[in-house]
Each structure stands twice: as structure tokens, then as C-alpha cells.
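Given next are the chains, with one letter for each unit.
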Amino acid sequence: MSIKSISLDIFFFCKEDEKMIEQVKNAKPLIHCITNKVTMNDCANALLAIGGSPIMADDEAEVEDITSICQGLLINIGTLNQATIPSMMKAGKKANALQHPVLLDPVGIGASQLRYQTTQQLLKEVHFDVIRGNISEMKVLMNIQSQSRGVDANASDSITDENLDENIIWLQQLSSKTGAIIAVSGAIDVIVDSQNAYIVRNGCQEMSMITGTGCMLSAIMSAFMVVHRQRLLEACTYVSALMGYCGELAKNKMLVEKLGVGSLRVYLMDYLSLMNDGILKEGMKIEKRC
Amino acid sequence: MSIKSISLDIFFFCKEDEKMIEQVKNAKPLIHCITNKVTMNDCANALLAIGGSPIMADDEAEVEDITSICQGLLINIGTLNQATIPSMMKAGKKANALQHPVLLDPVGIGASQLRYQTTQQLLKEVHFDVIRGNISEMKVLMNIQSQSRGVDANASDSITDENLDENIIWLQQLSSKTGAIIAVSGAIDVIVDSQNAYIVRNGCQEMSMITGTGCMLSAIMSAFMVVHRQRLLEACTYVSALMGYCGELAKNKMLVEKLGVGSLRVYLMDYLSLMNDGILKEGMKIEKRC
Amino acid sequence: MSIKSISLDIFFFCKEDEKMIEQVKNAKPLIHCITNKVTMNDCANALLAIGGSPIMADDEAEVEDITSICQGLLINIGTLNQATIPSMMKAGKKANALQHPVLLDPVGIGASQLRYQTTQQLLKEVHFDVIRGNISEMKVLMNIQSQSRGVDANASDSITDENLDENIIWLQQLSSKTGAIIAVSGAIDVIVDSQNAYIVRNGCQEMSMITGTGCMLSAIMSAFMVVHRQRLLEACTYVSALMGYCGELAKNKMLVEKLGVGSLRVYLMDYLSLMNDGILKEGMKIEKRC
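Here the protein sequences come in this chain order: A, B and C.
Number 92 in the numbering used here belongs to position 60 of the first sequence; there are no gaps in the numbering.
Number 303 in the numbering used here belongs to position 271 of the second sequence; there are no gaps in the numbering.
Number 125 in the numbering used here belongs to position 93 of the third sequence; there are no gaps in the numbering.
You may find that some hints are simply not true.
Copies of the same chain are indistinguishable here, so a pair counts whether it falls within one copy or spans any two.
[As the list claims (entries may be wrong)] Here are the simulated SDA-like cross-link-like pairs (lysine to any residue), alpha carbons at most 20 Å apart as the crow flies:
#  : residue 1 : residue 2
1  : LYS125    : ARG233
2  : LYS51     : ARG263
3  : LYS125    : GLN145
4  : LYS285    : ASP184
5  : LYS156    : ILE201
6  : LYS290    : GLY310
7  : LYS290    : GLU280
8  : LYS209    : LYS290
9  : LYS313    : LEU155
10 : LYS313    : SER178
11 : LYS57     : CYS236
12 : LYS60     : ASN175
13 : LYS156    : SER37
14 : LYS313    : GLU96
15 : LYS283    : LEU306
None of these hints come from the bench; they were simulated from the model.
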């Protein structure tokens, strides 16, 4: 194998005049979120924090109206409910018809038949531009044996520097199969399309000690997808670095102040709202695999 | 037009011996909240913070029981769901029969036919004492052309000193038409009945960077409506100043500590619980239009 | 009556080599939560904070799958919904079949017929290892006259040193009748089985000024029940002290920093994550009645 990594600074990663965060704040994209009940407040606040605008709506009778006034759609299957499955289908098809970018977050796909079959049906009837989740969820999607444990990734599935190259191979196959960018979050984030792969080394273990960091990442990614449609792979990568770096900063502040995860959650939201392209440039750890 | 504003200090605004916040804390009114899934935790905590007591219940089979043990009812149509529409009707009629004050928050009424038609049906079958929302929602209610954008007010609809008088005219017509006090939140809050109008200049732009400030205001207003039924218009005005002033204090603390919107949200709740009639007296900016 | 209290320090209360919190963190038990919409985010974060792992799922079509991959089950009837009643029954029976510990939190059982009858049905069809709630909820369960007010305990029901012994008697009868440990939270916590009784004097009034402290306690207790099945009564007692002591520490920090209930809520979560057996040993106030 001749795969190697090239670290990228922001000047190489972004086009010279590109300020991805600033452009999102200026565009204030309105995102239709069909998302789980546990973290929907976090997702709404995270979207607002980075300059987007959320609308949560999951009733079958209104999702087409709602999608029509939005610019992007997020479908997250956490706390999946039979009543909202038709809503997901309708909203997804409507978003496809309107050419809005659509993101799927297959939360806990391995945890129940309902989640697995719903995801299969969604993938059949709706085109997703991006699928974002943890490595165990991706393995289930690819029908690779996984010991997925609830909604968290299984430790034995973790992407490490040792198994990175072999993971990229099947993740790119998953991208080819689904036609979607695959964004995997974990200690090492991997974002691939069928041809290219980026690695993000931001984030910290403490982020898994609060609920919703994955869901919030999906929500924020949906906003960036609207504004950076011509550079989807780079935008998804950039957002992964953004979320991870905010997590690092929040963790550091938590430790300095000798506080716990309640404060970590607050500081994470603080840094999401304070983040800009200049600050992220200093902290992002993005590599291109080639 | 001969409309002019008179600034009021608390001694003119309240009766001499009236301590609206203290009276709410003493009465601890129990409010039945049928509200949206995004901000229901915020609404419960906001009600507790100002000394009220929340009970969230939206199943058709129990809403009449729940309303019967409460003193006031809040209906908020965010994340509207077909299953809870009959619940709203039943609870509303029961509250009317029991002569409990009822508040309607028509969140995103312009965003879907489902929300629009449900609101029309609610207005037909239930008497609301107060309708609280943003200016775009009020325009939809009044069938005035609006470019409502999701659940947020449209910038072009904003109430300014220039268009204040003309806005008050149709808002008072909306009050006559519905029989409800109309409480509009924005850079300038306007609270009217068919005859009178109050203006509140508290609050700050940053409050729109966190989800739920409007929903929380509605929840708190519902508690004040129970305790101050003989002075509903003044109570709604006072609560608007209370919420806005807490937002100002929270913003200032956020800026002093160089934090972001996660902390803004925490501090807002802090100040709601720390606020009393004496502190609000120093910060409230209420005017009477006459 | 010859009942008297014996204060216990941790060496008497726990077995010599027992570190209940550390053991939970090591085991990281996965808890299936069927819980209310108001506080589900708080419950998920509280479970993560003490080292457990939550999965929220309430659709009838998936609850058996979900329970099967978990180690414990929590059923909380706040915001009870007709659609999830069959889910509660199915999950409860499945958990019983798999011999997973099951906790019932009968939130607001006195507030509606729906909640009362559902709880009766649950008690008939599912075996609960622990029932946790406030004293008014327990009185309704025992068919004792109570003026339960919404979801909060009625002041006239409060357990005091004066009525402690007589309350313990009927609470032990309730334990015999249901076959469950009864864990009552309030100014004085009482945790009984049919034979034994523990008292916990931790906690503070301010905890009732934020929503979800009871729900979070139930969620955390569910995790401890998985890991300490051989010592359920002691584990439930220990968790009550843990939650109460975290509340005391959070209150103290709130007062020192002159902040309000928004910060109280954040600090409570902070201390849940920072708590360990050594710290709790210093602060716990547990007594055995004998």
C-alpha cells in the first residue's frame, strides 16, 4: 500500500478567499431537522451558535411544507418512532426534488431491527448527500460484523493509525454504494467520498461523556452543506475539525476551572458560537490521504 | 396622528403596594403546558425559576385531568403533532370552562398549513386571554402579507420607532378580533388590548441566538396571568420587561467573562431566578402609548 | 415503638472492599430508558456523568430489541403517552424475562387517571425491583389520601423526624405488596424493603427549583442496580446520598458565585461527574433504622 498522509494548513485546504464559517454566518441557512427527542434542544442551539437557523418538525402533515421553506434537511434516527418514518420519507423526497442537501445520521442503527430496516428504506427512497455517524454504525450499514453497543461505537471497532488504511477502503466502497459522502466521527475522524479521504485529529475523549455531540455535529454539518455545496467533502471535513477543536477548548477550560461535564457541555456551546475561521485555522488538524 | 409615549417608572406602572414577582413566588401557580419538544425543558426550568410550577402533559386521555388540577394553561404549537391537536382543544375548552387563563404561542404559524389551520381552529373553539409571539406570526394571524422565515420573525417585519404607530393600530384590531391581549416580542416589545398599548424596550439581539427565549417568555407569562388576572395587560408587559432585562444582564455577564451562547443560556436562567421587583424596577423600560 | 437510628459511615455501610461508584464506572452499564420528554436529555447526561450509558427508545416496534442489548430498564411515566404504554409493558416483560433489574418512577401518578391506571397495569404485568418517587406519589400507590400537586410532592405529606416511623411502616407494607424496594426522595430520603429501612439526610431545597432531579436520580439508580444487584437496598441508598450530596455541593458553589438556578443545574451535573467513593464518604449522611 502506498497510502500516506499530508497535513494541510488552512491555506491549502480552503481556497484562498474561502471563509467557510463566515459564509455560513452570512447565509444563515434554515435547516429542517427531523431529529431525536433527546438532543433536539442541543441541535437547535448548536445550529444557532454557528449562525444557522433550525426548525424542528416531524409531523407527516407538515414536513413537506417545512422542507419547502428550508435550504437543507437533517434526518437523525435516534428515538425513532413509527409515526415519523413516513415523515422522514416525505421530507427526504421533497428535499431531493428541491435539490436541497440531505444528511442522514443513522443513530444506533445496529440497536434494533426498526432502525436497521428504516435506514435501508431511507437509503432506497431518498438520496443522501452525506451520512454521518460512528464507525460501528458505518459497519452495520456496510454489513460488516460489529459489536455495536447501543448508540455508542464499540471500542473494538475504533479507527486507529494501524487500521486506518483498510478502514478507508471499505468506507470509500460504502460511499460508492450509497452515493453519499461518509463522515465517521471518533478519536480519528475520517471523511471520504469514493475517491478521496480526509482525516481529522481534533476532538477528545471527554466529548463522549456528554450526550449529543454527534447529533450536534450532524446538525452543524447540514448548515455547512447548504452554503458549501460545491465543496461538500471539504466542508464536512472542516466542520469535523470545528466541532473537535471546540471540544478540545471546552475540555481545557473545564480542567482549568476544575469543573465537570455540565460545564463541558456549556463551554462546548460557548466555543461553537465564538469560533471563526481565524481561530479554527490555528487549531485544526486536517490531513489528506493520498 | 397624536400618539406619544410616556415612560413609566414602576411606581406609576404598578399599584403602590403591588409586587408582581413576589406575588407569583408566593402563589406558586401550577401551569399546564402543552408545548413543543425542543424547549419544554427550558420552559419547565423557567417556570420554576420565577416561582411557578410546571406540568407538561399532552396526551388526549389525560389533558382534562391535568388542566383541572392546574391554575393556568399554555398552548405552544412548535413541533405541532396531529396526535396532540385534540389534546389542545380539550385542554383549552376545559380551561375555559374552569375560567383558567389561557395563553397561545403560535410558533411558526406561517411555516405550514398544519400550523395555520390548527391555530384557526384553536381560535374558533378556545378563548385565549393572551396571544404571544413574534411580529411575523401576528401578521399571519391578521392575514397581513409576511415573509415569515421558519420560526423566527422576518427582519422586514420588525417593529421600529418609525412603524410603531401603524403596527399598534392593526395589533389592536387583532386584539379586538380575537378578544385576546396581543403580546409581540422583538427589538421593541408591544403589548396591546383593543384600547391600550404598552411598549417595552428591554432585551437584546443575543437572545435570538439561543432557542426557547420566546417559549420561556410564554411559559412565565402564563404564571403571571394566573396571579394577576385583574391586571392582565400590565402583567404581560411587566413579564416582557422581566425577560428582556434578564437577557440584558445575561448578555453583559457573558461579555465580561468572554464566554458564548452556552453561558448566555445559563445566565439567563440564573437571572430569572435572581430577579425580584426591586431589581426589575431599576432596569425595566416600559412606556405607555397614549 | 422502639425504632431508633444509627448513623453509618461508609466503612459500616459498604463492605470493606466495595467501591460502588468506581464499580459502576468500570462496568459502564447500558440502561434502556423509557422516560419523559421534559428531562430525557438531563437523564442521558446524568447517566453518562456517573459512568453509565443511556439509550432512549420508546417505540413499541423496537423496545424489545433495545432492552435485549441493555443491562437494565428505567420506566418513567412523566409526559405519559398512550402510544408508549404498550412499549412500557413489552420492555418491562422482556427485561423481567432477561432478569434485568427494572425501576419504576411513577411521576405525577396522582395527577390523572391515565397515569394512575397505567401504573396499576404496569405493577400487575411487570415486576419492578425498585419504585422511586416522592412521598405523595407513594401515598397514591398505597391508596392513602394525599393532596398531590401536579408532579411535586405536597408539603403536607412531607416526611419529618416526627412522622418518620409511621411513614416507614406503610412504606414497608408498600414494599411487601409490590415486591419492590421503595425509594422515597424528599428533605429526608427513605429507602426501604419489607424488613429494613435506611434514611438519607443529604440534599437541599434548591434541588426542587430545577426540573429533573428526581428523574436523574432514577436514571442513575438504574445504573447502580445493574452493577450492585446483590446489594440493591444499599445501592439505592448510596445513590440517594450521592445525588443529594452533589446537590449540596452545587448549591454551595451557586451561592459562593452569587449565581442562580441555571448554574445550579450545570454544577449539579459537574459534581455528578466529579463524584467518587472517597468524596462521597466525606459527605454522605446515611442512617439505618433498627
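Comparing the hints with the structure gives:
no.	hint	in the structure
1	LYS125 to ARG233	neither (35 Å within a copy, 44 Å between copies)
2	LYS51 to ARG263	within (12 Å within a copy, 52 Å between copies)
3	LYS125 to GLN145	between (23 Å within a copy, 19 Å between copies)
4	LYS285 to ASP184	neither (25 Å within a copy, 32 Å between copies)
5	LYS156 to ILE201	neither (23 Å within a copy, 53 Å between copies)
6	LYS290 to GLY310	between (28 Å within a copy, 17 Å between copies)
7	LYS290 to GLU280	both (15 Å within a copy, 17 Å between copies)
8	LYS209 to LYS290	neither (47 Å within a copy, 46 Å between copies)
9	LYS313 to LEU155	neither (35 Å within a copy, 52 Å between copies)
10	LYS313 to SER178	neither (35 Å within a copy, 40 Å between copies)
11	LYS57 to CYS236	between (26 Å within a copy, 19 Å between copies)
12	LYS60 to ASN175	neither (37 Å within a copy, 26 Å between copies)
13	LYS156 to SER37	neither (34 Å within a copy, 61 Å between copies)
14	LYS313 to GLU96	neither (38 Å within a copy, 47 Å between copies)
15	LYS283 to LEU306	both (15 Å within a copy, 14 Å between copies)
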